[in-house]
Amino acid sequence: MKSLEELAAIREKMASRLALRENAGEIRIVVGMATCGISAGARPVLNTFVEEVANQGLTGKAVVTQTGCIGICQFEPVVEVFEPGKEKVTYVKMNPEKARKVVEQHIKNGNPVAEYTIGSNQ
Amino acid sequence: MKELSLNILDLAQNSLTAGSTWVMIDLEETEDTLRITLKDNGCGMSEEMVRNVTDPFCTTRKTRKVGLGIPFFQLAAEQTGGSLTLSSIPASVSPDSHGTVISGLFYKNHLDFTPLGDVVSTLCTLIQGAGDVDIIFSHKLPGGEISLDTREIKEVLGGIPLCEPEVLVWIRDNLTEQYDEVGQNH
Chain V
1 MKSLEELAAI REKMASRLAL RENAGEIRIV VGMATCGISA GARPVLNTFV
51 EEVANQGLTG KAVVTQTGCI GICQFEPVVE VFEPGKEKVT YVKMNPEKAR
101 KVVEQHIKNG NPVAEYTIGS NQ
Chain G
1 MKELSLNILD LAQNSLTAGS TWVMIDLEET EDTLRITLKD NGCGMSEEMV
51 RNVTDPFCTT RKTRKVGLGI PFFQLAAEQT GGSLTLSSIP ASVSPDSHGT
101 VISGLFYKNH LDFTPLGDVV STLCTLIQGA GDVDIIFSHK LPGGEISLDT
151 REIKEVLGGI PLCEPEVLVW IRDNLTEQYD EVGQNH
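Chains as they are written, first to last, in this note's numbering: chain V, 1 to 122; chain G, 1 to 186.
These aren't lab readings, by the way, just hints derived from the structure by calculation.
All residues carry an ideal CB built from backbone N, CA and C; glycine is no exception.
Some clues are possibly wrong.
Have a look at the derived ranges for each label pair, beta carbon to beta carbon [claimed, not checked]:
{"id": "1", "chain 1": "V", "residue 1": "ALA8", "chain 2": "G", "residue 2": "ASP32", "range": "40 to 46 Å"}
{"id": "2", "chain 1": "G", "residue 1": "GLY131", "chain 2": "V", "residue 2": "LYS86", "range": "49 to 55 Å"}
{"id": "3", "chain 1": "V", "residue 1": "ALA8", "chain 2": "G", "residue 2": "VAL182", "range": "21 to 27 Å"}
{"id": "4", "chain 1": "V", "residue 1": "GLU5", "chain 2": "G", "residue 2": "THR37", "range": "30 to 36 Å"}
Cross-link-like lysine to aspartate or glutamate pairs, in silico, EDC-like; alpha carbons within 16 Å at most [what the hints assert, rightly or not]:
{"id": "5", "chain 1": "V", "residue 1": "LYS93", "chain 2": "V", "residue 2": "GLU80"}
{"id": "6", "chain 1": "V", "residue 1": "LYS86", "chain 2": "V", "residue 2": "GLU12"}
{"id": "7", "chain 1": "V", "residue 1": "LYS2", "chain 2": "G", "residue 2": "ASP173"}
{"id": "8", "chain 1": "G", "residue 1": "LYS140", "chain 2": "G", "residue 2": "GLU47"}
{"id": "9", "chain 1": "V", "residue 1": "LYS98", "chain 2": "V", "residue 2": "GLU6"}
{"id": "10", "chain 1": "G", "residue 1": "LYS108", "chain 2": "G", "residue 2": "GLU28"}
{"id": "11", "chain 1": "G", "residue 1": "LYS154", "chain 2": "V", "residue 2": "GLU6"}
{"id": "12", "chain 1": "V", "residue 1": "LYS2", "chain 2": "G", "residue 2": "ASP26"}
{"id": "13", "chain 1": "V", "residue 1": "LYS13", "chain 2": "G", "residue 2": "GLU181"}
{"id": "14", "chain 1": "G", "residue 1": "LYS140", "chain 2": "G", "residue 2": "GLU48"}
{"id": "15", "chain 1": "V", "residue 1": "LYS2", "chain 2": "G", "residue 2": "ASP134"}
{"id": "16", "chain 1": "V", "residue 1": "LYS2", "chain 2": "G", "residue 2": "GLU177"}
{"id": "17", "chain 1": "G", "residue 1": "LYS140", "chain 2": "G", "residue 2": "ASP180"}
{"id": "18", "chain 1": "V", "residue 1": "LYS61", "chain 2": "V", "residue 2": "GLU26"}
{"id": "19", "chain 1": "G", "residue 1": "LYS108", "chain 2": "G", "residue 2": "GLU164"}
{"id": "20", "chain 1": "V", "residue 1": "LYS2", "chain 2": "G", "residue 2": "ASP149"}
{"id": "21", "chain 1": "V", "residue 1": "LYS2", "chain 2": "G", "residue 2": "GLU152"}
{"id": "22", "chain 1": "G", "residue 1": "LYS39", "chain 2": "G", "residue 2": "ASP26"}
{"id": "23", "chain 1": "V", "residue 1": "LYS108", "chain 2": "V", "residue 2": "GLU83"}
{"id": "24", "chain 1": "V", "residue 1": "LYS2", "chain 2": "G", "residue 2": "GLU28"}
{"id": "25", "chain 1": "V", "residue 1": "LYS13", "chain 2": "G", "residue 2": "ASP134"}
{"id": "26", "chain 1": "G", "residue 1": "LYS154", "chain 2": "V", "residue 2": "GLU80"}
{"id": "27", "chain 1": "G", "residue 1": "LYS154", "chain 2": "G", "residue 2": "ASP132"}
{"id": "28", "chain 1": "G", "residue 1": "LYS140", "chain 2": "G", "residue 2": "GLU181"}
{"id": "29", "chain 1": "G", "residue 1": "LYS39", "chain 2": "G", "residue 2": "ASP55"}
{"id": "30", "chain 1": "G", "residue 1": "LYS39", "chain 2": "G", "residue 2": "ASP134"}
{"id": "31", "chain 1": "G", "residue 1": "LYS108", "chain 2": "G", "residue 2": "ASP180"}
{"id": "32", "chain 1": "G", "residue 1": "LYS140", "chain 2": "G", "residue 2": "GLU152"}
{"id": "33", "chain 1": "V", "residue 1": "LYS101", "chain 2": "V", "residue 2": "GLU26"}
{"id": "34", "chain 1": "G", "residue 1": "LYS154", "chain 2": "V", "residue 2": "GLU5"}
{"id": "35", "chain 1": "V", "residue 1": "LYS61", "chain 2": "V", "residue 2": "GLU51"}
{"id": "36", "chain 1": "V", "residue 1": "LYS61", "chain 2": "G", "residue 2": "GLU164"}
This is chain V alone, in the form it adopts within the complex (with noise of 0.2 Å):
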């Protein structure tokens, strides 16, 4: 089972890690979770990228955040990445499959994937 010591254990080993962790966040990646983000596939979408993000080593980099409705509901699920003196990217039809590649060329190397963008798919 897993237990509320093993909860102190990871306390412990995030205590630390977390004191380093200056610049947290630099990279904002927002998906939209309102009615119509969930009823068409953002929840793995967004557990997708939550997995990947810390899979990849790159907790210190990006940060995945929820927010309501984006306004353009027929294009969801909807991701947008925010990084500083950058403009933002809309990614646009997404499944976890399309976030995986997101995070690994985007996020990882810098690279926006266009052909998810909604520049892409209008």
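We have chain V; now place chain G onto it with these hints.
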């Protein structure tokens, strides 16, 4: 919505928007019924809002003039022969004790019953986005009870935020193991 657990996630977002400091999610199952109840201590709704909120053209969102969250949930319940109940006390009327309770009764053996689906994913997603809002979850099944209370988790974690991926993995594994113990694979 393909799963009732997605309706739960959607309704819980309303509780977060309402400024709640906690949200209780209760699932109660018998052999042929499922009751889903969400209770919060948010700003509540006026009597008029409670009357209108099942109307798709009533919404708090600012980007569209339609709101389908509660209508979807109501439809999912009623199409199984079940029902929706909603009650709310607005903060303007009762500053010390306010909030909303929404509850749906579902008949599980009805042809049009939507499966409950991945409750564990819903909880992880909800906790990831809930910030300081506490989530108190309980699922009573004929074979046992699954429960999770973020207030207890926070106590162990000290200041470590619940949205840290390692913590979310622990929550996922903890819930999955609880479901395994009562013989439900979620």
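Hint by hint, which ones does the structure fall short of? Numbers 2, 6, 8, 9, 12, 13, 14, 15, 19, 24, 25, 26, 29, 31, 32, 33, in rising order.
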